[in-house]
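Both chains come to you apart, so use the hints to assemble them.
One letter stands for each residue in the lines below.
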Amino acid sequence: MAEIAIKQVAKRFGGFTALHSIDLTIADQEFMVLLGASGCGKTTLLRIVAGLETPSQGEVWIGGRRVDHLPPRDRGIAMVFQNYAVFPHLTVFENIAFGLRMKKLPQQEVERRVTRTAELMHIEQLLKRYSGQLSGGQRQRVAVARALAMEPDVILMDEPLSNLDALLRLEMRAELKGVLAASKTTTIYVTHDQVEAMSLADRIAVMHQGRIVQAASPVEVYRNPAARFVGSFIGNPPMNCIPATKTGNGSWTVAGLTLPGPKSDKHRIEFAIRPEDVDAGDEGLHATVRVVEPLGPHTLVTCDVEGGLFRAILESSAAIAVGDHLRLAPKADRIRWFDPETTNAL
Amino acid sequence: MHGKALPYLLLMPATLFLCVFFLYPFALVAFEAFTRDGGFTLDNFRTMTGNWKFPVAFWNTILLAAIVVPIQLVMALLMATVVSRLETGRGAALYIFAIPLGISDLAAGLIWLAIFDQSGFLNTLLSNLGLVDRPVMFLGYQSKLTIFVAVVLAEIWRATAIMMVILVAGIGLIPREYHEAAEVFGASPWKRFVKITLPLLRPSLQTAIILRVILAFEVFAVVAALGGTNFPVLMGETYNWQFSLQDRNVAAAFALLILAISVGLTLFFLRVLRVPKEARI
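As you go down the protein sequences, you meet chains A and B in turn. Position one of the first sequence corresponds to residue 67 (our numbering), numbered consecutively onward. Position one of the second sequence corresponds to residue -2 (our numbering), numbered consecutively onward.
Keep in mind that the hints were calculated from the coordinates and are not lab data. Note that the structure is a prediction, hence the values are computed from the model and not measured. Don't take every hint at face value.
[What the hints assert, rightly or not] Quick list of in silico lysine-lysine cross-link-like pairs, DSSO-like style, CA-CA up to 27 Å: (1) Lys170/A to Lys250/A; (2) Lys169/A to Lys194/A; (3) Lys397/A to Lys329/A; (4) Lys250/A to Lys169/A; (5) Lys274/B to Lys194/A; (6) Lys312/A to Lys397/A; (7) Lys332/A to Lys397/A; (8) Lys250/A to Lys73/A; (9) Lys50/B to Lys141/B; (10) Lys50/B to Lys170/A; (11) Lys194/A to Lys188/B; (12) Lys169/A to Lys50/B.
Chain B on its own, in the form it takes in the complex (with noise of 0.2 Å):
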């Protein structure tokens, strides 16, 4: 038992686990997605980009990652400075910031429609003021923008800590000479943020970026608690084709399209984000 095997050995049960329960479910899944009825074919990536639905759900994921994660960035960048800077109570604020993330998507999907609800408490809230005569029908087909908004909302209330909790731990890792050097040397509290924390926040950055990217193209559950199928995304399509229209083989498709647009996000930042090595801290 010693020697070269050593190691390789010990490597072989998480090895054995990604294999199993990760690499075969993809490889099951990429070769649905090529196949019908046995035989190697495109069609199945044809009729997911032929469906009506499709150019909607698709813009619709895009639209809404594209504008939650810079307002999640610039909210969590923001918290995170808050965060780092207090003397007391720093773990407090910590984790009533993080409260929203111990929630299921779901559960906060349902939350944010017992809001805006038409007996929700939004709805309450106005005709209580007498600001409005009957409800309000704010999540109905015709108003997909204030769907939009609501699931905007609902995102950014679930999903901005972790990209803080990210941020904070980065800023931590910055030495304070750095900050203070800065200042010595004429540097205003925002040139500070901008030529020191923000640069030498890039890692952090970038895990918190890829990170919430990947999640924003998974978006699902949150939208169809408050939209339904009035706004339809590409994972919420994913689920219809294997659940309501029973062809696995298009759903499989939808899943290697988010996977695609993933990992090519993912090599994007990567890219962008790059640290050169000799400039690390």
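Same shape as in the complex, but just chain A (with noise of 0.2 Å):
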């Protein structure tokens, strides 16, 4: 069992606040995705898990223990870094080994456990060669390899698919759901690529200028963001958000179609809804198309509306031309509300 909790940890580089009091809970056996843009605080919060940073303030527990007055060491984690940290001087086969020769176990079971994370793998016809000899995809499978053969309680991976092409990036992600379900560790994932986040987590950790704006199962991350920027982040095209306007007592007018919505007492909020949750019909949100593309199984198709961006998938078999206006009524069950100050979903 190896619960990781996370208790209001803060990170300040000297006037410099990089995390705001972090409270995150990971249960056992769960992969955890860190998701956000670069510098918004997910690597610090993967390195003081890892012991490779101090906290400002606050507690780190793994499996039951507090841990972060404890070196990397004692803290019964392995880690999978961004640029990998294959040893040069070392073979492969030293590379796996190394920490378990650091743990002092007998040459049979250092032998036994590389074989056998080699094998998983892939990479056991690599095991005499030196880091310089691999391309970047095998140097990867050794870093997870020597994550893997110390049979750790947490696996923490800061970007390990980061400097790999497209295609070898989309294998690799395959393959670690599978290799890292099957091992029953808890794993923490860093990540800046929304697609590999969503594809890989039990649960998302979206985070925005040092703190977590939603910790959630990645379909309610997309379906109900918790904030604006959650919205924006996550899917691609992002979510469309337009303001709209009181007229009753939770009725609002939204470019010129009046919707439903939530109780408040501000007069302006914002709507916000997918590309993909608009059809194009007789009835709905005004909008003038601008740029129409065409992406095969359905058509991208950007619009004015309320003098701002909106952009809608549509059906490829909509016959759509620049300057046509649209009324694209909104899925009523997909509707999200923010609210403008705090951008928070209401």
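In structure tokens form, the structure reads like this:
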């Protein structure tokens, strides 16, 4: 059992606050992805869990044990680094065996574990080679094998796929998911790639400016963003946000359409909808078509709505031309509302 | 001026410079070492090795190098590690450590002479503290050991920084992720130094050691200042034969011997500390 609990962890570098009091609990065997743009603090948080960075305040617990005062080697963790950090002066075998030798495991056990993890990562034919003789993808595999060989409670991954080319990334992504699920470890995985996050995670913690904005399952994060940032950061193209004006108690006008919405004292709030959650019809938001991009399965239409850009993903059969006036009907159960000041969901 | 000739033409000035100022004098020295009165001979080498001072000078030089270089290596590693770890004041620390490098070796020898001399700082200190009744002859002809120790100290003080500078640069080249990976995978600070820093530092160690060993066999001015003729070394003997005994042929033989030792040790360290191409950073 290795549940990770991060309690009110903050990190300041001089006058700059990288993390504002983070609270996050990661269940045993859960695959948690920390997602955010560069500089949001996700790597700092991971390094604090690893012990490579000291928090300015707060506690880190792993498996019911407080670890924030312990060196990395006493935390029961293994880590995969962004640049792999495969030692250049050691063979692949010795790289994978590095942590086991530090633990002073008997030679027989070292060999057994290295062979097993090398087979798991399909690098058993590379064991005698040096890092300089490997491709990026192979180094990545060595780095993962080295972490798995430790049979750790927790595996920490810092953008492990970001240095691979697109095709290899896709392949490794699927493989990582399988291997890590089978290993039954708790995983924290840092990435700025939302597709990677969606495809791998049991739960995604979306981070922005040193705070966790939302921590929920991929579908929940996508469907019910807790804040405007989440809606615009996740999803490609991002969620559309347009202003809504109050017309009654719980009734709002959005681009010529009156919709039932939250009860609020505010006069103006924001209406939000995913591009794929609108249909072109006789009723709906007034939109003027600006750009039409047929993408095969569907067509991406960029329109003017209330003077702002609005993207809609429509059926490719629809005959739409630039300059057309459309009525885009939002699916009622997919509409979300944000407070324009706090940007939080209403 | 185009085509194949151009690169060679561009190399010409440097090649000419090397030929005139390095290759030609070297050929001249080699020629003098193997000739006497116009004929080829090995007599110069026989004279050199036959002299009673030769074994003393030879072993003094070897012993000096064998003691000074390892101590300097350890100290330079320590200093380089400390400097590399500093987050503030790194430049200042590096600069202070490197000050002795700016002082010529004769001046360095004289500074240490001022310490160990009969009326030097050390004697003044000792007599003021009441530890000695009259000044001690630290560098007299009977006290070979203290001369040796004084030379070792002066050499360490003077020339450790050159190794340190090379090692600081080398440590800076090792990506931090390797240390972090080692830390996560269970290596203590000492293990990280032995298993990661030292092996990855090999190219810099090689450069530093070779440079320092060559300089150690050319030790001259510091010894001349502190030991005079009481502590013969190879370079001192070369000087002696050239200027006091006015025998340039034997001096040339000495010079060739020093060169041979330097080349031999350079090849040795190149081989021992070689990093295979596939194992480089």
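Comparing the hints with the structure gives:
1. Lys170/A to Lys250/A: holds, 24 Å
2. Lys169/A to Lys194/A: holds, 22 Å
3. Lys397/A to Lys329/A: Status holds; Cα separation ~20 Å.
4. Lys250/A to Lys169/A: Given pair Lys250/A, Lys169/A holds - Cα atoms ~21 Å apart, limit 27 Å.
5. Lys274/B to Lys194/A: Given pair Lys274/B, Lys194/A holds - Cα atoms ~15 Å apart, limit 27 Å.
6. Lys312/A to Lys397/A: With Cα atoms ~20 Å apart, Lys312/A and Lys397/A stay inside 27 Å; holds.
7. Lys332/A to Lys397/A: holds, 24 Å
8. Lys250/A to Lys73/A: holds, 24 Å
9. Lys50/B to Lys141/B: holds, 14 Å
10. Lys50/B to Lys170/A: Not satisfied, since the Cα-Cα distance of roughly 55 Å exceeds 27 Å.
11. Lys194/A to Lys188/B: holds, 23 Å
12. Lys169/A to Lys50/B: violated, 56 Å
In this structure, the earlier hints numbered 10 and 12 are contradicted, and the remaining ones agree with it.
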